[in-house]
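Chemist: Read off the chains here:
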Amino acid sequence: MMPLSETGALDPRGVLLTAPLIGFGFGWFLERGGLGDARKLTGQFYLNDLTVFKVLFSALVTAMLGAFWLDRIGLLDLDLVYLPETWVLPQAIGGALFGVGFVIGGLCPGTSCVAAAAGRLDGLGVIGGMLLGVASFDAVREWIRPFYESTSLGAVTFSDLAGISRGAGVAIVTGIALAGFAIASRIERSRS
Amino acid sequence: MKRYSDPYLAGVGIGLVLLTAYALAGRGLGASGAFSSVLAGTFDDWVVLELAGVAAGGLVSARLSGRLRRAIERGPQLTASGRMFAAIGGGAVMGFGAKLARGCTSGQALTGGALLAAGSWIFIATCFAAGYAAAPVVRRLWR
Chain D
0 MMPLSETGAL
10 DPRGVLLTAP
20 LIGFGFGWFL
30 ERGGLGDARK
40 LTGQFYLNDL
50 TVFKVLFSAL
60 VTAMLGAFWL
70 DRIGLLDLDL
80 VYLPETWVLP
90 QAIGGALFGV
100 GFVIGGLCPG
110 TSCVAAAAGR
120 LDGLGVIGGM
130 LLGVASFDAV
140 REWIRPFYES
150 TSLGAVTFSD
160 LAGISRGAGV
170 AIVTGIALAG
180 FAIASRIERS
190 RS
Chain R
73 MKRYSDPYLA
83 GVGIGLVLLT
93 AYALAGRGLG
103 ASGAFSSVLA
113 GTFDDWVVLE
123 LAGVAAGGLV
133 SARLSGRLRR
143 AIERGPQLTA
153 SGRMFAAIGG
163 GAVMGFGAKL
173 ARGCTSGQAL
183 TGGALLAAGS
193 WIFIATCFAA
203 GYAAAPVVRR
213 LWR
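As you go down the protein sequences, you meet chains D and R in turn. For the first sequence, the numbering used here gives the first residue as 0, with consecutive numbering after it. For the second sequence, the numbering used here gives the first residue as 73, with consecutive numbering after it.
Here chain D stands alone, though its shape is the one from the complex:
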């Protein structure tokens, strides 16, 4: 039964040891897919390179279907996997700021590390900027706390909120991804 961290099969030190290995795999595939290249990433927003959408959604759907079915057959207890909490307005505004910063900086936090590791100085620039942004947030945290801690819904899935089963939620996301892949290939055909 998994997660091994929660069933005691892996002690806290063992769990910590998985971190660099899992990170290595993540960084490896990000680099393979070309996600250390800011021009490739920003191509998503000018519709001439849809790699970001393809990688993000194929990764998301793979993990989602794997987790869902492992839970179904009793190998993984999804209730024991940490579910990020929902804070409606901070995440809506934070997401929008993130999107704007992403188009300007050209790399996201994880891919900036891949870019820097592959020798790209702009990756280092984004890392420096991230540190600045995080530090400025910490500096004004008390001031924006009422907003930061507003509209909390706790650890909740959209399928819970909609009153549908997890399976139906999984089907909806799979449908969105497949439709997106079809649209992406149409856009690419019309551009070539």
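These are calculated hints, taken from the structure and not from any lab test. In this text, all values refer to a predicted model and were calculated from it rather than measured experimentally. Even glycine gets a Cβ: it sits at the ideal position worked out from N, Cα and C. One or more hints might be untrue.
Stated by the list, open to error - Here are some of the chain D residues that sit facing chain R, going by a computed Cβ distance under 7 Å:
#1 P19
#2 I72
#3 Y81
#4 I163
Assemble chain R onto chain D, guided by the hints.
Modeler: For chain R alone, coordinates are given in the frame of chain D:
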């Protein structure tokens, strides 16, 4: 220099890594959290070690495929120093946004998205919408 692999293959690879993280560690991938930890002087928590692994994985993959080289990726109309300013400025806006949203493309979009977390899907929606809204304004940076 070898070509990049198929994006769908890379995506499935990342998905399997994420699934492994759920199964072994009971949590998903992350990146922005590591920046907070490092600023707080913590270097031995899970996400910092994971992000160090990300850099190592990126380095080894780039080295093995002949893509390891000093470069500044930028649009054809932008100077190298202009690109560095944009990288730092964009990174700062992104860092602030990631703190507000309690996660980034790794911790929210990917990890939470695959678990159907409501807030992660709010993040995905506003992030893409704002990216597309801002793209024409900063077109000179990239096109």
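Chemist: With reference to the structure, classify each hint as holding or not holding.
Modeler: Tested hints:
1. P19: 4 Å, holds
2. I72: Because about 13 Å separates D/I72 from the closest Cβ in chain R, which is outside the 7 Å limit, the hint is violated.
3. Y81: Holds - the Cβ of D/Y81 comes within 7 Å of chain R, reaching about 5 Å at its closest.
4. I163: 10 Å, violated
Going down the numbered hints, you'll see the structure goes against 2, 4, while the others check out.
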